[in-house]
Every structure is written in C-alpha cells, then in structure tokens.
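Please construct the entire structure, taking both the sequences and the accompanying hints into account.
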Amino acid sequence: MTSSGAEVRLRDVSHRYGSVSVLDGLDLDVRSGGYLALMGPSGAGKSTALALIGGLDRAQHGQVVVGGQDLGRLSGDALAAYRRHTIGFVFQHFGLLDTLTALENVELAMALEGVRREERRRRAGALLEAVRLTGRGDHRPSELSGGERQRVAIARALANQPRLILADEPTGNLDTGAAGLVLDLLESLRAEHGCSLLVVTHNPLIARRADESCELVDGRLRAP
Amino acid sequence: MLALRGAVRRPVRTALTTLGVALGSGLLVALGVITSAADTKVLDRLGQGNPLTAVRVAPAQPRQGQLASDALQTAAPHDLTDATLTAIRRSPDVARVVPIQTSRVSELSDEGGVATDWLIGTDMRQVHDLPVTLLAGRWPAPGSMTEVAATTDYLFKLHIDGDHPRQAIGHVVTLTSPRLPAGDAGFSQDRSYRVVIVGVVGQDLTDGDFIVPLEQERLSHVWEAGGAGGRQFPVGGSPYVGAMVVATSLNAVHTVRAELYGMGYATSAPEHLVSSVEEYLGVVNVVLGSIGSVALGVALLSIANALLAAIHERRRDIGVLKAIGGRDRDVLRWFLVEALAIGLAGGAAGAVAGVVIAELVGVAVNQYLVAHALGSLDLVGVPVVIPLLGWVGTGVLAVAAGALPSLRAAHLPAREAVVEA
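Protein sequences appear in the order of chains Z and U. In terms of our numbering, the first sequence opens at residue 1 and continues consecutively. In terms of our numbering, the second sequence opens at residue 1 and continues consecutively.
Watch out, some of these pointers could steer you wrong.
Just a sample of chain Z residues kept apart from chain U, beta carbon distances all over 10 angstroms, derived [unchecked claim]:
1) GLN69
2) ARG73
3) ASP77
4) GLU113
5) ARG116
6) ARG123
7) GLU129
8) ARG208
9) ASP211
10) ARG220
Short derived list, chain U residues pointing at chain Z, Cβ under 8 angstroms [stated by the list, open to error]:
11) ALA304
12) LYS322
13) ILE324
14) GLY326
15) ARG327
16) ASP328
Label pairs and their computed distance ranges (CB to CB) [as the list claims (entries may be wrong)]:
17) GLU118/Z <-> ARG9/U: 49 to 59 angstroms
18) ALA403/U <-> GLY76/Z: 18 to 28 angstroms
19) GLY114/Z <-> VAL392/U: 21 to 31 angstroms
20) VAL363/U <-> ARG117/Z: 42 to 52 angstroms
Quick caveat, the hints were computed from the structure, so don't treat them as lab data. Note that the structure is a prediction, hence the values are computed from the model and not measured. Note that CB positions come from ideal geometry on N, CA and C, so glycine has one too.
What follows is the structure, encoded as structure tokens:
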C-alpha cells in the first residue's frame with residue numbers, strides 16, 4: 001500500500017473573490033513525498049491555496065501543477081477524477097456525512113471510485129483499524145468524539161491511496177491530546193503510504209513538525 | 001443509500017411531503033379507477049346484456065312521445081303473443097327476449113283467511129337478464145312447481161322487516177288457483193298446491209308477490225283460462241303481461257325501443273338513467289381530477305421545496321462529496337433518488353388510498369343502481385394497471401419536480417467544502 005508522493009508547483013497564482021484579492025502572484029512548491037506546513041493569519045489565503053491545489057476551485061490566473069497535471073487544463077469530470085485519485089482531504093470541520101456511519105463514510109470515497117462493495121468494506125475496516133478505530137465503524141459521527149471524527153476523516157482521505165494529502169487546520173477543533181494523536185497518525189500514515197502532505201495551520205507548534213514550513217501573508221509567501 | 005438516509009434526516013418534513021404526494025396521487029388514482037370502472041365495468045358490461053340494456057315491453061299501444069321518456073306511455077291494449085315475441089327476436093339488435101306472465105292466486109292463511117296474491121312467471125334460466133335483484137336465498141330451480149321467490153311486497157304480508165329478508169326463507173305457502181266451470185256459475189273449481197319460499201327478491205318487473213318458474217305460472221294460467229270467467233274470476237286477455245327485451249348493447253337500446261314502437265308496443269328502458277349515471281361519474285371524474293391535479297401539483301412543488309431546503313442544509317456535504325471525488329452527476333443522482341424515494345413512497349400510499357376512494361364511490365354508485373332495481377354492478381376488482389401506473393407516474397413526476405433543485409445542487413462548487421459554516 002504505497003504510492004509515490006505528488007509534486008506540487010504553483011506559479012504566479014492569483015485569485016479574487018469579488019473585489020477582494022486573496023492570492024496575489026503566489027509561487028509555491030512541495031516536493032514529491034514532502035511535508036509542508038503552510039502558515040499564516042486568517043484571511044491570508046491559505047484555504048484558497050489549498051482549494052486550488054485540491055482542485056476544488058480553478059485559479060483565475062497562473063498555473064497549478066500537481067503530479068505533472070496542469071489543473072487549469074482539466075475538464076470538470078477530469079478534475080473530479082483528479083480529486084478522487086490524487087488528493088486526500090482532511091478538513092477542520094471533519095467533513096463527515098452525519099447520516100452515514102464511520103465505516104460508510106470511509107467507503108463513500110471508494111464507492112465514488114467504483115470499488116466493489118466487499119472490497120470497500122474490507123479496505124475501510126483496515127483503514128479504521130490503522131487509525132485505531134477498530135469497533136467504531138458502526139457509529140455515526142454524532143456518536144464519536146472530535147478526535148475520533150478526525151481520525152475517520154483521515155481514514156477516508158487515505159481510502160483511494162492518494163499521492164497528496166491536504167489538511168486544512170486538521171487540529172483546529174481538537175484538544176491538545178487529540179490533536180497530537182491526529183498529527184502522529186497523519187505523519188505515520190504519510191510515511192507508510194509515501195504520499196506528500198500539505199498542512200494548513202496557524203499553529204507554529206504544528207509547523208515545527210513539518211519538513212518545511214512557509215508563511216502566507218496577503219496572498220503572497222513572506223520572504224524568509 | 002445516501003439519498004435514503006438523507007430523506008429520513010428530517011422525518012417530519014419528509015413525512016409531510018410524502019403525505020401531500022399521497023393525497024394528490026391518491027385522488028388521481030381514484031379518478032383513474034373510477035373512469036376505468038365506468039368505461040370497462042359499467043358500459044362494456046352493460047353492452048353485453050346487463051339489466052340496463054333491457055327494454056320492458058307492455059301489452060299496450062304506445063303514446064306519442066314514448067321514445068323521449070324512460071317510463072311506459074301506454075294507450076289502448078295490444079296483446080303480446082308468442083308470434084310477437086318471435087318477431088322481436090328476429091331483430092339483429094336483440095340479444096334475448098324474456099316473457100313475463102302473471103296470474104292471480106288465492107292464499108289460505110294459517111288463521112283460515114284468504115288473501116289474493118299474484119304470481120310472476122318467467123324463464124328462470126334468463127332471470128339474470130331481468131331487473132330483479134336477489135336479496136336473500138336463491139332462485140327457484142327452472143321448471144320447479146314447488147319453489148318460489150317472494151318479492152319485497154310479500155314480506156309485508158308476512159310482517160317481516162325488509163332489512164331482514166332471510167327470515168322469509170323456508171316459509172311454506174298454500175296457493176289456490178280458482179276458476180268457474182262453464183255453465184256452472186256460482187261454484188268455483190279450485191286447484192291448490194304448496195310452495196316453499198327459497199329466495200327473496202327486489203324487482204321492478206310488475207306488481208306481484210312471487211316470482212316463479214314460467215312453467216309453474218303457466219299451469220295456473222291455463223287452469224284459469226279453462227274456466228268460464230266472471231266478475232270474480234276474470235280470464236286474462238293478452239297471453240303475456242309483458243316481456244323483457246335485452247338489447248345487444250347499450251347503444252342498441254334506443255334502436256330496439258324504436259322498433260318496438262314501430263310494432264305498436266309501449267316500452268320502458270333506463271336509457272336516460274344510464275346517461276344520468278354517466279353524467280354522475282363524469283362529474284365525479286372532473287371534481288376528483290381537478291382536486292387531484294391541484295393537490296398533486298402542490299405536492300410536487302412541496303417536493304421541490306423540500307429538496308431546495310435540503311440542499312441549502314447540505315451545501316457543505318455536497319462540497320465534501322465533490323472534494324472526495326464526486327462528479328456533478330453523482331450529486332444529481334443523490335437528490336433525484338431522494339425525490340424518487342419520496343415520490344414512490346407517496347405514490348404507493350396514494351395508490352392504496354385511491355383504490356379505497358374508488359371502492360367507496362363504486363359502492364355509492366352500486367347502491368344507486370340497486371335502489372332503482374337496475375341490478376348489482378360489482379365495481380370491486382380494480383384493474384391493477386391503474387394504481388400501478390399511478391405509483392410509477394408519481395415517481396416519475398417527483399423526479400421531474402426534483403430535477404431543477406437537483407441540477408442546482410449538482411452545480412454547487414466543490415469549494416463549498418472549505419467554506420466556513
């Protein structure tokens with residue numbers, strides 16, 4: 001269960017929401033298999049950069065290349081396939097569907113990929129075991145703690161063996177103990193799966209754990 | 001799975017939406033069933049020899065304007081003979097001719113009194129073509145000389161409540177046919193025999209106390225006719241007091257009446273009543289159809305509204321689904337299946353409710369027909385295809401109603417996954 005991490009390259013990327021400029025000529029690189037912490041204050045454009053790299057949105061200007069794919073050239077379905085195959089998302093709000101159980105949430109990512117039911121169930125069970133949630137598969141998100149929910153989200157992010165994990169404030173809603181466990185899991189699974197990891201955070205303690213870190217201010221990288 | 005779980009996420013909203021769909025589709029299914037029953041069960045069945053296709057012929061000349069009225073419009077007497085019946089049978093629009101004969105009998109009561117009764121004789125093999133409804137028991141066996149069916153008029157003589165006709169079954173009656181021998185005025189010759197009541201009927205043939213096999217009545221008639229006749233014991237004129245002529249179809253009723261009019265006989269037939277029933281069904285159809293269409297329209301709008309509310313609530317879920325690789329069509333399918341589930345659930349409930357409504361209307365129509373002695377029309381046994389079409393159709397309409405909201409959901413940007421709640 002290994003995959004080579006995707007290389008990320010952003011060149012002169014600009015993006016606006018209405019009249020508000022969020023990214024302004026951003027250049028950013030994450031090496032294949034690398035672990036980068038993207039820091040910055042609120043409104044600096046961290047989540048927008050993450051959305052552009054994850055194919056949730058298209059850059060209005062500039063180039064976003066991930067794993068050799070220029071995202072600006074991908075059609076809607078191709079971009080969805082890119083998100084399915086290449087990216088694993090971990091959100092601050094966990095992003096679990098509350099009508100599904102933990103196991104079903106993990107399975108959902110594989111169902112979209114067209115994996116057979118028996119295979120999905122087997123792999124989802126193994127992933128929940130990897131994030132130390134054995135026996136919690138039948139629980140709904142509302143029956144899990146914050147840390148447990150985030151671990152389910154990590155399991156889901158890894159469901160289709162992504163080459164890049166994008167984590168948006170993954171410990172933002174967790175207490176210190178749970179946050180540490182989630183980060184340990186993310187890092188160990190990254191090492192095990194060989195994928196790249198990009199963590200958006202405003203927490204310097206988290207940034208220190210990454211191989212590299214950079215700070216985004218007013219839509220640009222602050223000079224070191 | 002996602003769609004079904006989503007539908008039960010807001011159970012009250014889903015239940016109310018489903019109920020609305022059930023109401024609309026139920027009324028439309030009822031309409032369909034009633035229309036179908038009216039067309040196939042009433043009209044088609046009537047067209048193949050139901051009492052409503054029967055024309056009653058009286059032994060009398062018709063008055064002018066007879067054909068414009070359902071009721072008998074009689075003028076001077078006109079004998080109804082076997083030759084006449086044979087001529088009527090030759091018409092291509094006539095399916096069957098059932099003669100009716102009556103004769104007067106005396107009944108000896110247990111207290112020693114004498115009452116006058118009338119026997120109505122007819123062909124028991126064709127009794128189902130007559131405007132006669134069996135209320136209790138069974139019909140006398142064809143050719144039987146000892147079995148009779150009492151009419152509701154006779155129940156009064158027995159002091160039996162009309163709501164409990166079964167009490168008359170098994171009652172034994174002694175009947176006497178009198179006559180005056182020629183040249184021996186003053187002394188009657190009586191022929192007495194015992195009969196048992198095996199059934200009770202509601203009938204609109206003619207005045208009478210018993211419906212009996214033609215052979216039984218004919219014996220009494222021949223006995224009477226063998227006498228000299230007199231003021232007390234008159235001998236009847238026409239061989240038959242009437243006949244029921246069954247037309248080949250409902251559309252042929254008027255033609256048959258016109259032919260009989262041309263032969264010089266007064267007739268009656270419920271052709272205008274049939275029109276009334278059709279109009280009644282038509283009004284029910286229009287009312288139910290209008291209410292059902294409006295209700296279904298409102299219900300479908302409520303599906304669209306419920307989906308829009310659900311989409312608003314689940315913007316982030318939609319974004320997350322896209323973030324983990326869902327395509328627009330996956331989201332579209334999610335909400336369309338949810339609309340379909342509500343439509344099918346409401347449609348199923350509506351189909352059941354529609355059948356029940358239709359049965360109730362059918363019972364009302366049936367009672368109306370029975371009250372007019374037009375026979376019993378069994379509207380039970382709804383064609384399966386109508387509720388099935390209603391169910392499937394409601395599902396399709398629900399999907400149509402959910403199409404726009406679902407498309408809107410499908411086009412929500414994946415960015416919704418990272419938008420602050």
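Hint check:
no.: 1; hint: GLN69; verdict: holds, 15 angstroms
no.: 2; hint: ARG73; verdict: holds, 17 angstroms
no.: 3; hint: ASP77; verdict: violated, 6 angstroms
no.: 4; hint: GLU113; verdict: violated, 7 angstroms
no.: 5; hint: ARG116; verdict: holds, 15 angstroms
no.: 6; hint: ARG123; verdict: holds, 15 angstroms
no.: 7; hint: GLU129; verdict: holds, 20 angstroms
no.: 8; hint: ARG208; verdict: holds, 24 angstroms
no.: 9; hint: ASP211; verdict: holds, 24 angstroms
no.: 10; hint: ARG220; verdict: holds, 20 angstroms
no.: 11; hint: ALA304; verdict: violated, 21 angstroms
no.: 12; hint: LYS322; verdict: holds, 7 angstroms
no.: 13; hint: ILE324; verdict: holds, 5 angstroms
no.: 14; hint: GLY326; verdict: holds, 5 angstroms
no.: 15; hint: ARG327; verdict: holds, 4 angstroms
no.: 16; hint: ASP328; verdict: holds, 6 angstroms
no.: 17; hint: GLU118/Z <-> ARG9/U: 49 to 59 angstroms; verdict: violated, 27 angstroms
no.: 18; hint: ALA403/U <-> GLY76/Z: 18 to 28 angstroms; verdict: holds, 19 angstroms
no.: 19; hint: GLY114/Z <-> VAL392/U: 21 to 31 angstroms; verdict: holds, 29 angstroms
no.: 20; hint: VAL363/U <-> ARG117/Z: 42 to 52 angstroms; verdict: holds, 50 angstroms
Hint compliance for this structure: hints 3, 4, 11, 17 are not met, and every other hint is.
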